[in-house]
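Undergrad: One letter stands for each residue in the lines below.
Number of protein chains: 2
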Amino acid sequence: MRPAVKQIAIIGMGLIGGSLGLAIKAAQGSNIEIVGIDTNKLALTIAKQCGAADLITTDYKTGVENADIVFLCTPVLQIAAHISEIAFHVKKGAILTDTGSTKTYLMEKIAAVLPREVHYIPGHPMAGREKSGIEAAECTLFRDKWYIVIPDAKVDSRAMETLCQVISWTGARITQMNAAQHDRCTALISHMPHIGAAALVTLLQYSEDQETSIKLAGGGFRDTTRIASSNADMWADICMTNTEPIADSLDKFSQIISDVAEKIRQKDRNSIHAFFANAKARRDALLRLEQQFSE
Amino acid sequence: MRPAVKQIAIIGMGLIGGSLGLAIKAAQGSNIEIVGIDTNKLALTIAKQCGAADLITTDYKTGVENADIVFLCTPVLQIAAHISEIAFHVKKGAILTDTGSTKTYLMEKIAAVLPREVHYIPGHPMAGREKSGIEAAECTLFRDKWYIVIPDAKVDSRAMETLCQVISWTGARITQMNAAQHDRCTALISHMPHIGAAALVTLLQYSEDQETSIKLAGGGFRDTTRIASSNADMWADICMTNTEPIADSLDKFSQIISDVAEKIRQKDRNSIHAFFANAKARRDALLRLEQQFSE
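Residue numbers (full-length UniProt numbering), protein chains in the order written: chain A, 1 to 295; chain B, 1 to 295.
Honestly, I wouldn't trust all of these hints.
Identical chains share a label here; the pair holds if one copy fits it or two copies do between them.
Taking lysine to aspartate or glutamate and the EDC-like style, the derived pairs with C-alpha atoms no more than 16 Å apart in a straight line are [claimed, not checked]:
{"no.": "1", "residue 1": "K109", "residue 2": "E135"}
{"no.": "2", "residue 1": "K263", "residue 2": "D248"}
{"no.": "3", "residue 1": "K267", "residue 2": "D284"}
{"no.": "4", "residue 1": "K109", "residue 2": "E85"}
{"no.": "5", "residue 1": "K131", "residue 2": "D284"}
{"no.": "6", "residue 1": "K280", "residue 2": "D259"}
{"no.": "7", "residue 1": "K252", "residue 2": "E208"}
{"no.": "8", "residue 1": "K267", "residue 2": "E33"}
{"no.": "9", "residue 1": "K91", "residue 2": "D68"}
{"no.": "10", "residue 1": "K267", "residue 2": "D248"}
In short, the hints are calculated from the structure, not lab data.
Given the sequences, and given the hints that come with them, work out the whole structure.
TA: Spelled out as structure tokens, the structure:
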């Protein structure tokens, strides 16, 4: 029999934590009590007003002590900094999960301090926005998005089942993978576009024609750099906790860019044409594949 | 008195040429006759059917001979390859303009062969789409977009006035700059995002997890790489005709990416945070500036 979930604590009432609260309350109403925990009192007030939390507190010790499931939704390094204090206040048999964007780093930190009676199952909802904070939270944020769950070999099957049940309330689709694969894939598909977008904007600062350039910015520039307006704290944490996969991908990315510059200087039209034609074919094929996954 | 424009020839009935025809016909109806010229008979048939051209021909010699204005709308290297043949069939006193994405290269080629009696005024509408071809043409493509006109010091003021009048029929906003500045600015604001997007897609081919990665692709990847699905011929031509500005910007871009990788390996969170925070502040400021230009 599945253990009943009555209370869920969410630490970090920002975009992800707030949207989780809204989605769970929208699906379950008064069946589930949400405790919103944050150091930011304004965020808590908004969370309560908008219905993302039933109870709010700045004290994670009392906040987590009755929860059947605790979601850690702060940026990765904040989770790492506080996990040893939080862990001992989670009740025996409860589930602890996190929504951090990088996994290997955090899993090692958490595994090192977690009491054995708490079931830790890492997670990562693939649902970001360029806006952050509780003001940007939406109850539909996770709907039809992938929610990656990363159980280890010793995972308690009932705890796993319970967590997946709760995640399914948000409308997300659940998939499983291991932490190393997660970190390599997200470096490629999520962290590279973010760093690339920020680098494109940074490039403008070297220009003597910055104002004229921006006057000419079309939809291409706006779309390509949209995610450069994302939260700097979160992205700095991601880079600090997924170091090797990101740095390795950046090296390859930089090399591709250098090669293109060299081929352009050599006036090697065939190579440059192939570069664009292959990219177009690959993107079109990948989006068809993505479409299949969505069906 | 402004010389009356009765017939306009458009060479290259693709996205830009087709949209020009549609926009001019929408504004002027039967006051203006559009001659659509292309080597692709199917494109011509579609152009006539959708109302982008009144007359169609695969023969640019007869196609241009009665036109008051000739728009060259094929990719840049195709314009360069055929300009010497076309130029001598344009009638005396007519205006020749092009919509090529790079300017210095083409202006030199055209100036070298153009009869003195033809007024050449280069242009560049900042209105691309990732789709190409007459099928993607829209009469609103240029509306509220910048249309750059690049008159030289000796430009005939009546010819300039006439061309600007015709461009204004499309709903575009006209701005002027010189060719070198145009090529530097577009390298930064348009060519870099395109090459960056294609490079991000290319990066995936080095991955052992390509399928899993794409499964996790969020809106970030889709938006950042949208323009990687653009026309390879057009972009190869752009790279071959704006060599130095593009290669110089790519070198800087590659350097920025390498620096970020190095700072990440050094675990230098402050520098990485500043990189993201500065990019966010710069992008937000630039979009406010862009907004001002739009008002």
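Undergrad: Please go over all the hints and tell whether each is borne out by the structure.
TA: Against the structure, the hints:
In this homomeric assembly, K109 and E135 never come within 16 Å of each other (Cα to Cα): the closest approach is 30 Å inside a single copy and 55 Å across copies. Proximity of K263 and D248 under a CA criterion of 16 Å is satisfied inter-copy only: 13 Å between copies versus 23 Å inside one chain copy. Proximity of K267 and D284 under a CA criterion of 16 Å is satisfied in neither setting, with 27 Å inside one chain copy and 36 Å between copies. For a Cα distance limit of 16 Å, the shortest separation of K109 from E85 inside one copy, 12 Å, qualifies, whereas the shortest one across copies, 71 Å, does not.
In the homo-oligomer, the alpha carbons of K131 and D284 lie at most 16 Å apart only across protomers (12 Å), although the nearest pairing inside one protomer, at 28 Å, exceeds that limit. In the homo-oligomer, the alpha carbons of K280 and D259 never lie at most 16 Å apart, since the shortest distance is 18 Å inside one protomer and 28 Å across protomers. In this assembly of identical chains, K252 and E208 lie within 16 Å of each other by CA distance solely across copies; the values are 14 Å between and 29 Å within a copy. Taking the shortest Cα distances, K267 and E33 never come within 16 Å of each other, neither inside one copy (65 Å) nor across copies (40 Å).
In this homomeric assembly, K91 and D68 come within 16 Å of each other (Cα to Cα) only inside a single copy, at 8 Å, whereas the closest approach across copies is 83 Å. For the homomeric pair K267 and D248, the shortest alpha-carbon distance between copies (14 Å) is at most 16 Å, but the shortest distance inside one copy (29 Å) is not.
Of the hints listed earlier, those the structure fails to meet are numbers 1, 3, 6, 8, in rising order.
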